[in-house]
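For the sequence shown, the residue numbers in the UniProt record's numbering are 1 to 309.
Derived from the structure by calculation, the hints contain no laboratory data.
We put the CB at the ideal spot given by N, CA and C, even for glycine.
Please note that a few of the clues may not be correct.
[To be verified] Simulated restraints, written as ranges between beta carbons of each label pair:
{"#": "1", "residue 1": "M223", "residue 2": "G71", "range": "46 to 54 Å"}
{"#": "2", "residue 1": "E209", "residue 2": "P32", "range": "27 to 35 Å"}
{"#": "3", "residue 1": "P39", "residue 2": "A161", "range": "49 to 57 Å"}
{"#": "4", "residue 1": "N157", "residue 2": "R90", "range": "41 to 49 Å"}
{"#": "5", "residue 1": "V241", "residue 2": "A123", "range": "44 to 52 Å"}
{"#": "6", "residue 1": "Y222", "residue 2": "G23", "range": "41 to 49 Å"}
[To be verified] With a cut-off of at most 35 Å between alpha-carbon atoms, the simulated DSBU-like pairs for lysine-lysine come out as follows:
{"#": "7", "residue 1": "K264", "residue 2": "K67"}
{"#": "8", "residue 1": "K104", "residue 2": "K249"}
{"#": "9", "residue 1": "K249", "residue 2": "K53"}
{"#": "10", "residue 1": "K112", "residue 2": "K130"}
{"#": "11", "residue 1": "K237", "residue 2": "K249"}
{"#": "12", "residue 1": "K130", "residue 2": "K264"}
{"#": "13", "residue 1": "K249", "residue 2": "K112"}
{"#": "14", "residue 1": "K104", "residue 2": "K264"}
{"#": "15", "residue 1": "K264", "residue 2": "K112"}
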Amino acid sequence: MCIDETCCLFTASSCHQEFNSDGSKYGTLTSPHYPLAYPSNTHCHYEFFGRGKERIRLVFQDFFLYKPPDGSLECNNVDSLQAFINVDGRLENVATFCGVDLPKPIMSNGAKLMLEFRGTQSARHARGFKISYSFVENFGISTGRQLKEFPCAFVYNSSEARNGTFASPNSPGPYPRDTECSYFFHGGQTEKVHLHFTHFDIEGVSPCEAVSASDYVEFSNYMTEDNRYGRYCGQQKDFHVESERNFFKVTFRSNDRLDGTGFKAIYQFLEASDEYQAPMSDFTPCLFPLRLCLLLLAIIAGSLHRLYH
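Hey, can you work out the whole structure from these sequences and the hints?
Okay, here's the thing in structure tokens:
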């Protein structure tokens with residue numbers, strides 16, 4: 001028996017699929033009849049059940065739902081796919097997709113996720129969707145070395161890589177709600193850590209406190225809090241942060257409310273005596289020490305000059 005309207009919404013579905021991490025940690029989900037057009041009056045829902053610290057991550061491979069050619073950007077009263085997470089025991093809609101734009105990846109805030117697909121129209125070209133799903137414990141963070149003793153923590157050592165990239169959970173999609181991740185940077189004895197943020201969209205209002213229900217990123221030269229930097233949130237252009245010593249910690253925290261697209265950043269370990277120079281292009285750090293990078297650039301510039309003069 002349904003105890004609320006949301007429950008009735010799902011039990012009334014004409015098709016239903018369940019995906020459990022006990023069966024497989026990854027797989028593919030498609031709309032009915034894909035890649036052919038889905039039938040009219042289609043109503044399906046899909047439930048994902050992970051274990052422990054697992055999160056469900058969905059990466060869209062194809063997406064084409066019928067939408068009337070009226071130019072509207074809204075997804076109300078049209079064919080759509082909605083994502084729901086559990087917040088304090090209730091289902092909450094965190095994303096609604098329609099039209100033909102390929103959605104960014106989405107990630108659950110815990111071990112459960114639900115999708116609801118409503119396809120009221122039918123058109124020959126409306127082939128529906130194809131989604132790769134996975135039950136992950138790395139929060140979709142592909143760089144650094146994960147520390148399993150923490151809920152979400154990654155370490156970056158200069159002895160392993162002098163520079164590289166790191167990003168918020170689920171990047172390039174919106175970060176999951178109710179999540180905290182730490183990034184630990186360990187340099188050599190005489191090195192400092194330099195961070196260059198190329199994208200920053202963290203939902204919140206300065207000074208990014210709990211009273212304004214703000215998500216935030218904060219920095220510290222210690223394992224504990226460091227009042228030197230303050231908290232960062234909102235939308236910001238490229239900016240640079242550097243450590244005072246050879247250790248630096250970055251903490252990302254989201255609450256259970258709104259979300260943003262997160263951040264992307266480049267890290268560099270430099271000798272304290274080296275002069276910092278901002279990366280020349282988005283997310284493409286030089287893979288060599290700074291002095292060698294400058295030498296290589298000079299050689300390339302000289303070769304081009306001789307070629308064209």
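**Item:** Straight-line alpha-carbon gap K264 to K67, limit 35 Å
**Value:** Between K264 and K67 the Cα gap is close to 33 Å, so the pair holds against 35 Å.
**Asked** Measuring from beta carbon to beta carbon, are Y222 and G23 in 41 to 49 Å?
**Response** holds, 44 Å
**Asked** Going straight from one Cα to the other, do K104 and K249 come out at no more than 35 Å?
**Response** holds, 28 Å
**Prompt:** Do N157 and R90 keep their Cβ atoms within the hinted range of 41 to 49 Å?
**Reply:** About 42 Å separates the Cβ atoms of N157 and R90, which means 41 to 49 Å holds.
**Asked** Does the Cβ distance between V241 and A123 fall inside 44 to 52 Å?
**Response** Given range 44 to 52 Å: holds, Cβ gap about 50 Å.
**Satisfaction of the hinted span 49 to 57 Å by the C-beta atoms belonging to P39 and A161** = Cβ of P39 to Cβ of A161: about 51 Å, so the range 49 to 57 Å holds.
**Prompt:** Is the straight-line distance between the alpha-carbon of K249 and that of K112 35 Å or less?
**Reply:** holds, 30 Å
**Asked** Does K130 lie within 35 Å of K112 when you go C-alpha to C-alpha?
**Response** Between K112 and K130 the Cα gap is close to 20 Å, so the pair holds against 35 Å.
**Message:** Tell me if the straight-line CA distance from K249 to K53 falls inside 35 Å.
**Reply:** Holds, at roughly 23 Å.
**Asked** Taking the CB of M223 and the CB of G71, does the distance hold inside 46 to 54 Å?
**Response** Given a distance of about 53 Å, which is inside 46 to 54 Å, the answer is holds.
**Distance restraint hint 27 to 35 Å, applied to the beta-carbon atoms of E209 and P32** = Violated: the Cβ-Cβ distance is about 47 Å, outside 27 to 35 Å.
**Hint consistency between K104 and K264 [alpha-carbon to alpha-carbon, up to 35 Å]** = holds, 15 Å
The earlier numbered hint that this structure contradicts is number 2, and it is the only one.
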